[in-house]
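Novice: Listed below are the residues making up each chain.
2 protein chains.
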Amino acid sequence: MEIFKTASDMREWSDSMHRAGQTISFVPTMGYLHDGHLSLMEKGASLCSALVVSIFVNPTQFGENEDLDAYPTDIERDLKLIKAKGARAVFLPDKKEIYPENYQTYITLEHLPKHLCGLSRPVHFRGVATIVSKLFNIVRPDAAVFGAKDFQQLQVIRQLNRDLNFGINIIGAPIVRESDGLAMSSRNAYLDPEQRDSALSLSRSCSQAEKMVKAGEKSANAIRSHIKSFIESFPDTRVDYISICDPDTLNEVEEIDTEVLFALAVQVGRARLIDNILIKP
Amino acid sequence: MEIFKTASDMREWSDSMHRAGQTISFVPTMGYLHDGHLSLMEKGASLCSALVVSIFVNPTQFGENEDLDAYPTDIERDLKLIKAKGARAVFLPDKKEIYPENYQTYITLEHLPKHLCGLSRPVHFRGVATIVSKLFNIVRPDAAVFGAKDFQQLQVIRQLNRDLNFGINIIGAPIVRESDGLAMSSRNAYLDPEQRDSALSLSRSCSQAEKMVKAGEKSANAIRSHIKSFIESFPDTRVDYISICDPDTLNEVEEIDTEVLFALAVQVGRARLIDNILIKP
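Sequence lines, in order, name chains D and X.
For the first sequence, position 73 (counting from the first letter as 1) is numbered 73 according to the working numbering, and the numbering increases by one without interruption.
For the second sequence, position 187 (counting from the first letter as 1) is numbered 187 according to the working numbering, and the numbering increases by one without interruption.
One chain only, chain D, in its complex shape:
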């Protein structure tokens, strides 16, 4: 498995693979890998002849008071896990390689970030769109795999790919959960045992919302307020948002008469956790 630390080395390798008739699938990560990441790699490996994984904790997608400095890291373990998944190359740049002196170019989307996580994380999707575009240009993948846990991120990247004509096959992979339902996340490492219990409020909210819709509840507000009380019954939780929205535009809905996204973000201790589910009435 090759490990590239510079954009030019990574790019040169990808170009030579393409010239040799290979196709490249790509899984960008911020490291500290869990089974969710590994499922993305399995999906990627099945799509193309060569899998590339990147590890880069992207500073531009963190706000000023967010957990950039605390973000967990274990590169050695990550590299072993990636190798075990059969990746052909890892792109592992440092910050200066990605954002050199005098860096000044950013990519913004006008509508999708004005919902869900974008409301409390105003620079987040600008950072995501920028780093993903840079990585697309460096790795030159034919396909790229993103987890559905970050549903809004997946929609932002699909839109970005269309709008800027990257021509990449963007694949969304299902949320991977612990046996008790908690969506896997590198940020789960922040949770103490009691908070770990409270974190279950997210996946259980998804199940409850689905049950309410299936039982005929049409009012998004009724579901939102029920779920809010439910989450607040768990210690050490603070609801950021509970959204019932159109899965494409992310606009909030009032009446549930077609498929909706139920999505929520909850601060549990110092971990800001997210989860979501697509629900058909």
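Since the hints were derived computationally from the structure, they do not count as laboratory data.
One or more of the hints may lead you astray.
Unchecked claim - Here are the simulated DSBU-like cross-link-like pairs (lysine-lysine), alpha carbons at most 35 Å apart as the crow flies:
| id | chain 1 | residue 1 | chain 2 | residue 2 |
| --- | --- | --- | --- | --- |
| 1 | D | Lys83 | D | Lys95 |
| 2 | X | Lys114 | D | Lys5 |
| 3 | X | Lys80 | X | Lys96 |
| 4 | D | Lys228 | D | Lys114 |
| 5 | D | Lys43 | D | Lys85 |
| 6 | X | Lys43 | X | Lys83 |
| 7 | D | Lys96 | D | Lys83 |
| 8 | D | Lys280 | D | Lys228 |
| 9 | X | Lys114 | D | Lys96 |
| 10 | X | Lys43 | D | Lys96 |
| 11 | D | Lys114 | D | Lys80 |
| 12 | D | Lys114 | X | Lys5 |
| 13 | X | Lys80 | D | Lys96 |
| 14 | D | Lys280 | X | Lys96 |
| 15 | X | Lys96 | D | Lys43 |
| 16 | D | Lys85 | D | Lys96 |
| 17 | X | Lys95 | D | Lys114 |
| 18 | D | Lys95 | X | Lys114 |
| 19 | D | Lys83 | D | Lys43 |
| 20 | D | Lys96 | D | Lys5 |
| 21 | D | Lys95 | D | Lys218 |
| 22 | D | Lys280 | D | Lys218 |
| 23 | D | Lys114 | X | Lys114 |
| 24 | D | Lys114 | X | Lys83 |
| 25 | X | Lys80 | X | Lys43 |
| 26 | X | Lys95 | X | Lys114 |
What the hints assert, rightly or not - Incomplete in silico selection of chain X near chain D, CB under 7 Å:
| id | residue |
| --- | --- |
| 27 | Ala7 |
| 28 | Arg11 |
| 29 | Tyr103 |
| 30 | Thr105 |
| 31 | Leu109 |
| 32 | Asn137 |
| 33 | Ile138 |
| 34 | Asp142 |
| 35 | Leu160 |
| 36 | Asp163 |
| 37 | Leu164 |
| 38 | Asn165 |
| 39 | Phe166 |
| 40 | Gly167 |
Even glycine gets a Cβ: it sits at the ideal position worked out from N, Cα and C.
Dock chain X against the given chain D, drawing on the hints supplied.
Specialist: Using the frame of chain D, we list chain X on its own:
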């Protein structure tokens, strides 16, 4: 010569050229071609095995009160001129192909646009960076040629290419002038005979500024105010800016002790004209 109207057809052709071991040079234009454009094509043709030219009057780089609707066009003549330069393909999309419904992604640079033309055209370079990035992803060139008349645009594109890792060889080509010195521009078509005389104030200002620096003038302000009076002595002129700045950062300079860019924009009748010259003391 191939003519492609969709991004997918253009992209597929470029990919097949690359697979066949060809290299692609690219000259993006807004059409209504003049000898300046033709010199870019000659340069492009000399760099790679296949030249691609695009024609697209990009609405997102025009402000609300600018000349988008009046911008001159003559596609049939343009195609003949491009063919005569040996181009292998022309990309000729319509607006809906480039900006489909629900389009929402834009690329901005934080510093370079805050100078020169960016001051009176606040959305211009956002539009330029966005369309050029889209065209780069569609055409996939190895090299791209831009005219030095739009010096700020050239610097914006060089920065964009570095920052977003396009990996394209960006080439600046010298300004092409009429025999009396007027920099060639599609917008010269707006000038009546008297305004055509006034338009000479720009190239003559460049020569005068150079002469003053070569004669030992160190004060940028002295040159700016001399040139302003000079231009105002021509009928139907309105100075937008007269800049003496660092060619890389475009920051204004006070003392001229190293190479500077002298650049100006002047409204002559309904044509907003620009010109520039690099001057070494």
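Novice: A separate judgement is required for each hint: does it hold in the structure or not?
Specialist: Results for each hint:
no.	hint	verdict
1	Lys83(D) to Lys95(D)	23 Å, holds
2	Lys114(X) to Lys5(D)	33 Å, holds
3	Lys80(X) to Lys96(X)	25 Å, holds
4	Lys228(D) to Lys114(D)	21 Å, holds
5	Lys43(D) to Lys85(D)	10 Å, holds
6	Lys43(X) to Lys83(X)	15 Å, holds
7	Lys96(D) to Lys83(D)	25 Å, holds
8	Lys280(D) to Lys228(D)	21 Å, holds
9	Lys114(X) to Lys96(D)	24 Å, holds
10	Lys43(X) to Lys96(D)	34 Å, holds
11	Lys114(D) to Lys80(D)	38 Å, violated
12	Lys114(D) to Lys5(X)	33 Å, holds
13	Lys80(X) to Lys96(D)	47 Å, violated
14	Lys280(D) to Lys96(X)	32 Å, holds
15	Lys96(X) to Lys43(D)	34 Å, holds
16	Lys85(D) to Lys96(D)	28 Å, holds
17	Lys95(X) to Lys114(D)	26 Å, holds
18	Lys95(D) to Lys114(X)	26 Å, holds
19	Lys83(D) to Lys43(D)	15 Å, holds
20	Lys96(D) to Lys5(D)	11 Å, holds
21	Lys95(D) to Lys218(D)	48 Å, violated
22	Lys280(D) to Lys218(D)	11 Å, holds
23	Lys114(D) to Lys114(X)	26 Å, holds
24	Lys114(D) to Lys83(X)	46 Å, violated
25	Lys80(X) to Lys43(X)	18 Å, holds
26	Lys95(X) to Lys114(X)	28 Å, holds
27	Ala7	5 Å, holds
28	Arg11	6 Å, holds
29	Tyr103	6 Å, holds
30	Thr105	4 Å, holds
31	Leu109	5 Å, holds
32	Asn137	4 Å, holds
33	Ile138	5 Å, holds
34	Asp142	10 Å, violated
35	Leu160	6 Å, holds
36	Asp163	4 Å, holds
37	Leu164	6 Å, holds
38	Asn165	4 Å, holds
39	Phe166	6 Å, holds
40	Gly167	6 Å, holds
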